[in-house]
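Asks: The residues making up each chain are set out below.
2 protein chains.
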Amino acid sequence: MKPSGYEEVPVEESLGRVLVTDIVSNTNIPDQNRAVFDGYAIQSSNTINASLAAPVMLKVIGATFPDQNPSKIHASQTVFAACGAPLPNNADAVVKIENIRLHEDRIEVRSPVSPWENVALTGEDVKKGCLLMKSGCVIRPQDVGLLAGVGTESVKVIRKPRVCIISVGNELVKLNKKGAPGVVNNYALIISNLVSEWGGIPQLFGIVPDDLQFIKNAISAAARKADIVTTIAGCSVGPKDLVPDAIAALTGKGLVFHGVGLSPGKVMGVGIVKDTPVIMLPGHIVSAYAGFYFLVAPLIARYLGLGDQALSLLVSARLDCDIEAKSTATFLRLRLTYSNGEFKAEPIHGGASALTTIANSNGYIIVQEKKVLKKGTLVNVILFDRYELANTLRELTEGF
Amino acid sequence: MKPSGYEEVPVEESLGRVLVTDIVSNTNIPDQNRAVFDGYAIQSSNTINASLAAPVMLKVIGATFPDQNPSKIHASQTVFAACGAPLPNNADAVVKIENIRLHEDRIEVRSPVSPWENVALTGEDVKKGCLLMKSGCVIRPQDVGLLAGVGTESVKVIRKPRVCIISVGNELVKLNKKGAPGVVNNYALIISNLVSEWGGIPQLFGIVPDDLQFIKNAISAAARKADIVTTIAGCSVGPKDLVPDAIAALTGKGLVFHGVGLSPGKVMGVGIVKDTPVIMLPGHIVSAYAGFYFLVAPLIARYLGLGDQALSLLVSARLDCDIEAKSTATFLRLRLTYSNGEFKAEPIHGGASALTTIANSNGYIIVQEKKVLKKGTLVNVILFDRYELANTLRELTEGF
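Heads up: the sequence lines are chains A and B, in that order. Sequential numbering of the first sequence, starting at 491, is according to our numbering. Sequential numbering of the second sequence, starting at 491, is according to our numbering.
Just chain A, with the same shape it has in the complex (with noise of 0.2 Å):
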């Protein structure tokens, strides 16, 4: 696999970026000890005998401002700061403007004011030199807003990696060409769509015919400049699979696997390919799915820096009947549904290639080969994504 590249991006584009560096604050925030509240600013040890019968009258020598330095005042005198005003030297208290009584220019100060009262002192929320944020992070809004008020103005990124996908097969058909004869060519666009969803950029390569020569072309052009490759279809074990045998062709020395014990999928596979990988999903969309999960995803995941699992979404549900998995591990699409304070997760049943089977369902669990499970088993449903959410458990989510 190639090395994750990186690159700098303003602070106000890198909403879930992951960070390359430590970020060190070198300032302070607040920068200085500022006025939380319009007031006056003053000495607190003055006040400390002050009362309604007998205030204490300090002289207003001047007002400050957010945008201005620090003033100065001596004991018996005070200065309007406006709130975020730094505080003068020599204050350590503000008093708030309804506290006070003003005489022409002085105040009347009619109650003891505490050391620091209505200040915002220097470093309360970040200090200077402390650790805002380590390297590896996702950057979220609120880091956003922390990176931005230390004047951080760009940060060092994981580049996105780019996925391209080549679409293969003879019966394909372009989008949008409506009454073409043909199968249309859908399936690159929902891989397309997860590899956004996980971090990645997708780049569609297109539809390649069932050729030796233009798939090894296609997958040598697509290694050349995307970080992780994927093709649909043309992998299983038929005279026309020819992806396969492109690959080894093209990297002399076979491919890191083909086949695994899980269907559908069960031809999914992967080679190596001028460092990148070239992953083989299945042509049936269902297949395709379990590839996405089992090896792309994790494999962007990777790229970032993150978890396997960084955007998985767990929910726990109580199977609705008895699951059996055949002599390999299954992909079961579940539905779930919320009633008496739980889940509900149903099993949705139907051919590799009904894409409705994954429409009509929200997640997966996979079953390990011959393994049974019960009706009423709390198994952990694996989301296919966040829109699952928003979609059919909308209302469900006091659940989680």
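Derived by calculation from the structure, the hints in this document are not laboratory data. Treat each hint with caution, since some may be false.
[Unchecked claim] Here are the simulated lysine to aspartate or glutamate pairs, DMTMM-like style, with alpha carbons at most 20 Å apart:
1) Lys664(B) / Glu503(A)
2) Lys664(B) / Glu502(A)
3) Lys730(B) / Asp557(A)
4) Lys646(A) / Glu497(A)
5) Lys586(B) / Asp731(A)
6) Lys860(A) / Asp812(A)
7) Lys586(A) / Asp731(B)
8) Lys861(A) / Asp810(A)
9) Lys586(A) / Glu598(A)
10) Lys743(B) / Asp765(B)
11) Lys664(A) / Asp557(B)
12) Lys664(A) / Glu502(B)
13) Lys624(A) / Glu502(A)
14) Lys624(A) / Glu878(B)
15) Lys706(B) / Asp735(B)
16) Lys730(A) / Asp701(A)
17) Lys864(B) / Glu814(B)
18) Lys861(A) / Glu836(A)
19) Lys864(A) / Glu836(A)
20) Lys664(B) / Glu643(A)
21) Lys730(A) / Glu588(B)
22) Lys865(B) / Asp810(B)
23) Lys624(A) / Glu497(A)
24) Lys618(A) / Asp512(A)
25) Lys562(A) / Asp582(A)
26) Lys617(A) / Asp512(A)
27) Lys664(A) / Glu503(B)
28) Lys646(B) / Glu498(B)
29) Lys730(A) / Asp557(B)
30) Lys664(B) / Asp557(A)
31) Lys756(A) / Glu588(B)
32) Lys664(A) / Asp521(B)
33) Lys730(B) / Glu588(A)
34) Lys664(B) / Asp521(A)
35) Lys834(B) / Asp812(B)
36) Lys549(A) / Asp582(A)
37) Lys664(A) / Glu643(B)
38) Lys624(B) / Glu878(A)
39) Lys865(B) / Glu836(B)
Everything numeric in this text was worked out from a predicted model, so none of it was measured.
Chain B: place on chain A using the hints.
Replies: Here is chain B on its own, set in the frame of chain A:
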């Protein structure tokens, strides 16, 4: 509130959008009976008695491909059918090429073939006239594929609400004004990122000084062009808090409400200007966060026709200490850690203006007024956003 607007978007760009109309399929998938593998199209009834000892011989009269119309065979004939090719008339099965022996212009079938073997039947996945998706659904990756598969080129979806963000305060300075005295306007950037995450289009209005006329002009201009307006700061009860006055002056009817029983966040409020909800978010960031989750996020969801908690992720966690709310309900920030098979929730205390308390936590709960929650209580922590999963919790998703 203004009615939700609609727009037509290409299917390829419809991920995450909310459908306005039901989608009924006007085609079958497959559109006609098609070969599932490369093979020979036959009449299965001819092969009932086929065996190794007495193979059935069929004459090859042609070949058919996915982009052709169905050909036709008679009982003793066969046609080579490429994967995806329409089944010839009179044929009801396909024998895989690996299961026949080819002799010049004839094939030898050596075992019985079942009716419809290796054939994808018309409408097997999607039936013409069936309801594919309901109005109000969020479009997921698999739905994009399904819509494209039935030939839909564009869909009518709810327009994303435009949320205009006005920052109020003399003390604020623009981002990237390094060394400029004052307080950096980073809170607007946070709210803008949260708006995007919740499905709105943020519009940064910029900074407006603490001046009634300026604030009135800003809100009035924003209400003309946005679906939702939020102001940040200037909504407390001090002499410089002019946003409530500005809204009242614009409406002539005062506010819908001003002040809630939640701390931090007490001074949030809502007015309606030109049919546009104007949300007053408090100037302290923790209070503004509370205001976002309580007023802005639900309004965006409502505009999109989704449940209030459409994207909220809840994690069940055990409090690691006693919690006691004061006389108002508390917006309690919590850091989650995982050990011994469950999440532990640790309260992060700090002032309402401490952005680091948000950065150091993963979500929040509301503790009702005067309520005491004992150490060990299980609470549903609402994650700030989905990035909390990839980040602090990235190795921990098994706990969901």
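Asks: Could you run down the list of hints and mark each one as holding or not?
Replies: A quick look at each hint next to the structure:
1. Lys664(B) / Glu503(A): holds (16 Å)
2. Lys664(B) / Glu502(A): holds (13 Å)
3. Lys730(B) / Asp557(A): holds (17 Å)
4. Lys646(A) / Glu497(A): holds (6 Å)
5. Lys586(B) / Asp731(A): holds (14 Å)
6. Lys860(A) / Asp812(A): holds (13 Å)
7. Lys586(A) / Asp731(B): Holds, at roughly 14 Å.
8. Lys861(A) / Asp810(A): holds (16 Å)
9. Lys586(A) / Glu598(A): holds (12 Å)
10. Lys743(B) / Asp765(B): holds (13 Å)
11. Lys664(A) / Asp557(B): With a Cα-Cα distance of about 12 Å, the restraint between Lys664(A) and Asp557(B) holds, given a limit of 20 Å.
12. Lys664(A) / Glu502(B): holds (13 Å)
13. Lys624(A) / Glu502(A): holds (18 Å)
14. Lys624(A) / Glu878(B): holds (14 Å)
15. Lys706(B) / Asp735(B): holds (9 Å)
16. Lys730(A) / Asp701(A): Holds, because 8 Å separates the two Cα atoms, which is no more than 20 Å.
17. Lys864(B) / Glu814(B): Satisfied, since the Cα-Cα distance of roughly 9 Å is no more than 20 Å.
18. Lys861(A) / Glu836(A): OK: Lys861(A) and Glu836(A) at ~17 Å, within 20 Å.
19. Lys864(A) / Glu836(A): holds (13 Å)
20. Lys664(B) / Glu643(A): Between Lys664(B) and Glu643(A) the Cα gap is close to 12 Å, so the pair holds against 20 Å.
21. Lys730(A) / Glu588(B): holds (11 Å)
22. Lys865(B) / Asp810(B): Between Lys865(B) and Asp810(B) the Cα gap is close to 5 Å, so the pair holds against 20 Å.
23. Lys624(A) / Glu497(A): Status holds; Cα separation ~17 Å.
24. Lys618(A) / Asp512(A): Answer holds: Lys618(A) to Asp512(A) is near 14 Å, not above 20 Å.
25. Lys562(A) / Asp582(A): holds (11 Å)
26. Lys617(A) / Asp512(A): Holds, at roughly 15 Å.
27. Lys664(A) / Glu503(B): Measuring from Cα to Cα gives roughly 16 Å; hence the hint holds.
28. Lys646(B) / Glu498(B): Holds, because 4 Å separates the two Cα atoms, which is no more than 20 Å.
29. Lys730(A) / Asp557(B): Measuring from Cα to Cα gives roughly 17 Å; hence the hint holds.
30. Lys664(B) / Asp557(A): The given pair, whose Cα atoms are some 12 Å apart, holds under the 20 Å limit.
31. Lys756(A) / Glu588(B): Measuring from Cα to Cα gives roughly 19 Å; hence the hint holds.
32. Lys664(A) / Asp521(B): Status holds; Cα separation ~16 Å.
33. Lys730(B) / Glu588(A): This hinted pair holds, its Cα atoms lying about 12 Å apart.
34. Lys664(B) / Asp521(A): Within the cut-off at roughly 16 Å; holds.
35. Lys834(B) / Asp812(B): The hint holds at about 13 Å.
36. Lys549(A) / Asp582(A): holds (16 Å)
37. Lys664(A) / Glu643(B): Cα-Cα ~12 Å, so holds.
38. Lys624(B) / Glu878(A): OK: Lys624(B) and Glu878(A) at ~14 Å, within 20 Å.
39. Lys865(B) / Glu836(B): holds (10 Å)
Violation of the numbered hints given earlier is absent; every hint is satisfied by the structure.
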